[in-house]
Amino acid sequence: MVNYKMSEISSENISSDVPEELKSRRIQIFFTVWVTYMIYYIGRSNISVAKPFMMEEYGISTTIFGSIGSAFFYAYAFGQFFNGFLGDKLGARRMVSLGLVVSSIFNILIGGFGQNVWLFGIFWGLNGFFQAMGWAPSVKTIANWFPPKERGKWSSRLGTSYMIGGSLAWVIAILISNTFGLSWRFVFIIPAILMAIIGVFNYINVRNAPEEAGFSTIEEESEGNVKKGESKTDEYLGFKYTLKAIFTNKTILFAAFGLFCLNMVRYGITEWLPTLIAFESTDQLTIWKIVAFPVGGAIGALTCAKISDKYLKQRRMPIISVLFGLLALSLFIYSKIPQVNLIIGVPLLTIIGFLTFGPHALLVSTIPMEFGTRKAASSATGFIDGWGYVGAAISTQIVGIILESEGGLQTAYLFWIIAALAACVILMFNWKSVPKKKEFL
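Numbering (my numbering), first residue to last: 1 to 441.
Just so you know, these hints were derived from the structure itself, not from any lab.
Heads up, some of the hints might be wrong.
Unchecked claim - DSSO-like cross-link-like pairs, simulated, lysine-lysine; straight-line CA separation at most 30 Å:
id, residue 1, residue 2
1, K250, K432
2, K306, K149
3, K149, K244
4, K432, K306
5, K432, K240
6, K227, K153
7, K310, K432
8, K240, K149
9, K310, K436
10, K310, K250
11, K432, K153
12, K149, K23
13, K313, K153
Please put together the full structure from these sequences, using the hints given.
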């Protein structure tokens with residue numbers, strides 16, 4: 001093993017004389033990873049649209065549906081912890097493709113047997129575990145292929161995949177159920193077919209790291225050694241190395257807490273928003289409200305990474321903390337306006353999306369790449385995202401109970417506001433953190 005000391009390597013020294021073939025391959029890898037993870041979401045966010053139809057047809061209460069949603073998130077959280085470490089060992093190519101194909105199978109099973117609440121709960125929970133094979137290994141792939149000085153830019157672009165994916169899932173599901181008048185079962189079956197196709201597409205096109213395609217490693221490129229040669233395997237440094245990379249880095253621990261709180265808000269909204277709006281048609285207002293949230297998020301992800309790169313010298317926590325505070329304020333205002341207010345509601349929902357996904361992309365994509373390095377990026381991502389989905393599971397279940405209580409929707413908003421404020425305050429204690437020089441980039 002060749003050691004590259006960060007004291008001898010600066011991210012600014014990455015050779016600008018990169019062969020066109022390598023530049024082209026990086027774009028192709030990014031595009032494939034982006035599309036693949038976007039498609040993951042049509043097999044998980046589809047439930048938000050199917051939910052009201054299933055509740056009406058089978059008399060399922062919000063409390064029971066909250067428990068089913070929590071089963072998905074607890075399985076997803078466990079899957080993130082487990083698959084994050086496995087992603088560093090096995091690489092993204094196999095794991096991401098396998099997860100997408102198996103998730104498509106469970107979506108088909110739900111479409112066929114979802115009328116049985118117990119089977120639906122079991123299938124949806126298992127779907128959560130295999131969905132967790134997607135994100136952490138995808139982050140590692142981008143960390144392997146792109147040098148440190150470009151990771152803020154490309155990690156934020158990667159983050160738009162799940163934001164657009166969530167929006168696409170809702171639009172597809174509404175077209176299936178409302179426009180074409182098909183049963184809610186096809187909200188699961190039709191996306192599953194597309195998922196299986198893209199899973200195969202990913203396996204054919206992705207390579208885990210440049211060295212597996214015959215290019216120089218990021219460390220070699222930093223020394224000006226850019227060449228094309230024989231393919232070799234991306235070296236795995238062991239479980240002990242990745243474990244140490246996580247638990248000796250306080251920024252990763254702070255990020256995990258931040259995402260725990262943020263996902264309480266994010267999934268409280270995305271899991272229940274279509275039901276809270278109680279859409280019954282594909283009118284203009286409904287379409288704009290369900291698209292406004294993730295589109296605002298995509299803008300937030302791209303903007304926040306750029307600001308922290310340009311003005312904060314890669315310090316991520318200041319902008320994350322400030323946006324959490326603004327998110328709490330925006331949720332308070334949104335809770336006080338009519339839910340179908342087109343003039344105020346749609347722009348404000350776009351702002352909430354901006355304030356939710358701006359910090360989210362930094363927490364689950366940029367920070368694990370920078371603080372875990374490319375060698376532990378999947379493990380760091382899985383750890384942070386795992387805690388985020390514990391928060392999502394708790395929120396989904398609690399909000400389901402709250403909506404049946406006397407406080408109802410206003411109490412749910414208060415719950416989300418408190419979660420955002422808690423993250424805002426706690427992350428201030430990690431305000432000055434920047435990536436330290438390490439052996440690997």
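Next on the checklist: Need the list of violated hint numbers for this structure, in ascending order.
Outcome noted: none
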